[in-house]
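Turn these sequences into a full structure, and let the hints steer you where they fit.
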Amino acid sequence: MAQAKSSILERSADKAAALTPARMSRSIKGLSDRAVAWWFIAPTIILLLAINIFPLIWAVKLSFTNYKANRLNAVVKDVGLRNYERILTDPDIWLAMQATAHFVFWTIFLQTLIGFALAYLIDRKFRGHAFWTTIILIPMMLSPAVVGNFWRFLYQPQIGLFNYIVTFFTGAEPSSFQMLGSVDLAPWAIVIVDTWMWTPYVMLICLAGLRSIPDYIYEAAEVDRASNWRRFWSITLPMALPFIMLAVLFRGIENFKMFDMVTLLTGGGPGSTTEVASITLKREAFEKWRTGYSSAFAIILFVAVFGLANIYVKALNRVKQR
Amino acid sequence: MSSNAAHSVVEPSNTSKSVASILVVLYALITMIPLFWIVITGFKSPPDSISYPPKIVFEPTLEGYCNLFTTRSRQTREYVAALGPPEGICEEITRKRQMVIVGKSNYWPRFQNSLIIAFGSTILAVFLGTLTAYGFSRFKVPLADDLLFFILSTRMMPPIAVAVPIYLMYRKLGLSDTALGMILLYTAVNVSLAVWLLKGFMDEIPREYEEAAMIDGYTRLQSFWKVVLPQATTGIAATAIFCLIFAWNEYAFAVLLTSGSAQTAPPFIPTIIGEGGLDWPAVAAGTTIFVVPILVFTILLRKQLLRGITFGAVRK
Numbered sequence: 001m002a003q004a005k006s007s008i009l010e011r012s013a014d015k016a017a018a019l020t021p022a023r024m025s026r027s028i029k030g031l032s033d034r035a036v037a038w039w040f041i042a043p044t045i046i047l048l049l050a051i052n053i054f055p056l057i058w059a060v061k062l063s064f065t066n067y068k069a070n071r072l073n074a075v076v077k078d079v080g081l082r083n084y085e086r087i088l089t090d091p092d093i094w095l096a097m098q099a100t101a102h103f104v105f106w107t108i109f110l111q112t113l114i115g116f117a118l119a120y121l122i123d124r125k126f127r128g129h130a131f132w133t134t135i136i137l138i139p140m141m142l143s144p145a146v147v148g149n150f151w152r153f154l155y156q157p158q159i160g161l162f163n164y165i166v167t168f169f170t171g172a173e174p175s176s177f178q179m180l181g182s183v184d185l186a187p188w189a190i191v192i193v194d195t196w197m198w199t200p201y202v203m204l205i206c207l208a209g210l211r212s213i214p215d216y217i218y219e220a221a222e223v224d225r226a227s228n229w230r231r232f233w234s235i236t237l238p239m240a241l242p243f244i245m246l247a248v249l250f251r252g253i254e255n256f257k258m259f260d261m262v263t264l265l266t267g268g269g270p271g272s273t274t275e276v277a278s279i280t281l282k283r284e285a286f287e288k289w290r291t292g293y294s295s296a297f298a299i300i301l302f303v304a305v306f307g308l309a310n311i312y313v314k315a316l317n318r319v320k321q322r
Numbered sequence: 323m324s325s326n327a328a329h330s331v332v333e334p335s336n337t338s339k340s341v342a343s344i345l346v347v348l349y350a351l352i353t354m355i356p357l358f359w360i361v362i363t364g365f366k367s368p369p370d371s372i373s374y375p376p377k378i379v380f381e382p383t384l385e386g387y388c389n390l391f392t393t394r395s396r397q398t399r400e401y402v403a404a405l406g407p408p409e410g411i412c413e414e415i416t417r418k419r420q421m422v423i424v425g426k427s428n429y430w431p432r433f434q435n436s437l438i439i440a441f442g443s444t445i446l447a448v449f450l451g452t453l454t455a456y457g458f459s460r461f462k463v464p465l466a467d468d469l470l471f472f473i474l475s476t477r478m479m480p481p482i483a484v485a486v487p488i489y490l491m492y493r494k495l496g497l498s499d500t501a502l503g504m505i506l507l508y509t510a511v512n513v514s515l516a517v518w519l520l521k522g523f524m525d526e527i528p529r530e531y532e533e534a535a536m537i538d539g540y541t542r543l544q545s546f547w548k549v550v551l552p553q554a555t556t557g558i559a560a561t562a563i564f565c566l567i568f569a570w571n572e573y574a575f576a577v578l579l580t581s582g583s584a585q586t587a588p589p590f591i592p593t594i595i596g597e598g599g600l601d602w603p604a605v606a607a608g609t610t611i612f613v614v615p616i617l618v619f620t621i622l623l624r625k626q627l628l629r630g631i632t633f634g635a636v637r638k
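So the sequences go chain by chain: A and B.
Residue 53 in this note's numbering is what sits at position 53 of the first sequence, and the numbering runs on without skipping anything.
Take the position in the second sequence, starting the count at 1, then add 322; the result is the number in this note's numbering.
Worth flagging that the hints you see were computed from the coordinates, not collected in a lab.
Built from N, CA and C at the ideal position, the CB exists for glycine as well.
Be a bit skeptical, because a hint or two may be false.
[Claimed, not checked] No farther apart than 20 Å at their CA atoms in a straight line, the calculated lysine-lysine pairs in the PhoX-like style are these:
1. A:320 / B:339
2. B:494 / A:61
3. A:61 / A:77
4. A:288 / A:77
5. A:125 / B:339
[Said to hold, decoys possible] DEER-style ranges, computed between Cβ atoms:
6. A:113 / B:618: 26 to 36 Å
7. A:212 / B:428: 46 to 56 Å
8. A:166 / B:341: 48 to 58 Å
9. A:166 / B:404: 46 to 56 Å
10. A:239 / B:337: 51 to 61 Å
11. A:225 / B:355: 39 to 49 Å
12. A:169 / B:395: 38 to 48 Å
13. B:496 / A:49: 16 to 26 Å
This is the structure we're talking about:
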């Protein structure tokens, strides 16, 4: 009862606030809490609606047409669901999805493995660990495009430092392999750069997970004379798992839509071996100018990311409760 | 003291500490090699930069930096010899390569664009984000969780998927290749991070402070301005740096929506071309100048990084 009453009161206050022009209410100086909340939140929502949602709705509309953005005078025809049908049966799109899956799987696998191991080591709290942690974090703060560009230099056949180091340790001929030019190596070249760049991210979140485990649990395990091995598998790993999942999800979302770094490294080549979904989309939209078709593809990608994001937020909230 | 305790579980043993420190330091050093290499390549001459085996010892030169900021043209030996004494170090270096400086390159204008767009969008995003975060933190907003999810989900969108319709919209509105267009776009991307981060910071400020101020006769807005904001300065500063770094580093929108007057540095740096292919020392010099602010900010932010990358959910 009391609740219903207050909500009616609030609603009327809300109406009153809505009816009062901004300048006048400021002169009254006592904006109601409801009005303050609205004035504070509305601008952000409006901006997001204008810059994100409105274009998105437009894209949905275009995805049912054969519109081409470089031909302004051509007649735009309604093609129904044909764009979506063609995408789901297009072998090029499936190749792109395979390239994306390879990239996402291996980057996450390597980053989680190395990132967790590093976090576990840093959690030993040796002298100077804070300093070295900061150094390790640097790569993830850089611009992915700039990173892709300078790794292209390191990967140069003959003159590149990466090739030189590999040659130095394996004795392979310096001209016998091209990281970016070979069909077999290029998918791994982009995995290496992404792992170099983003392992610190996974490490930092895993470290937070390890530090969230209270000491008394380990002390209890000590009383029970649990072995180190046992302690790791039944305390450390399960308790850090929500954090690891969070990092995996976020990296998954980010790498699913990877564009900048790969564009600068390989541009999708050689052939289409490293053509991940975003690069295919860019090609369709801005090189072939198939706006309707690419809009449909964009919507499909968006729905996939949106689903992942939904899970991500649930994971965030779970971690938050700790 | 605790390190002397004979067998503490919580405190790792000295051996495990030293093994850990060796491995971590090793990783840190290896991971720094690419960055170190780029910085020193900036000080190499073009032939040194592409020599095999790669040179670690070389004669440092500012040629890369000179080439980064200038455009040059090749001249005959006689023409160069007939010129007056060179003005400044860059002219001296260029003339040794039988070239003369004919003008300024586009690097500095692109760098300026990056500054304007990054700072403009950061100021806007933090302003909007602070208000919105306060709104969500202090008031019962209907559908608050859904709105917050909506705000976050806009950041998760694949940039290329959004770029198609934004490109069309900007073309209609005349915002293509303008700083204003980029500022609005980056603000929209950053405001989601700003709201989530700042809400976390504001949740930590006890409500009692404002309530006390309001009992003393402050209005809601006054208490927001005079009580909450001063308490939130660390959070606002950290948020601003995160927004700045994002806008500074962004490439996908920049390369698709700008081509000339509003182009930022990231799409420009890979296009720096010298005679016969990429001018790697100039590219490296441009990269170094571009990356140094990020290094400074990373060090400033180190305590808040975890918060920033998890949208404020994980606080250590």
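Looking at the structure, which of the earlier hints fail to hold? 1, 8, 10
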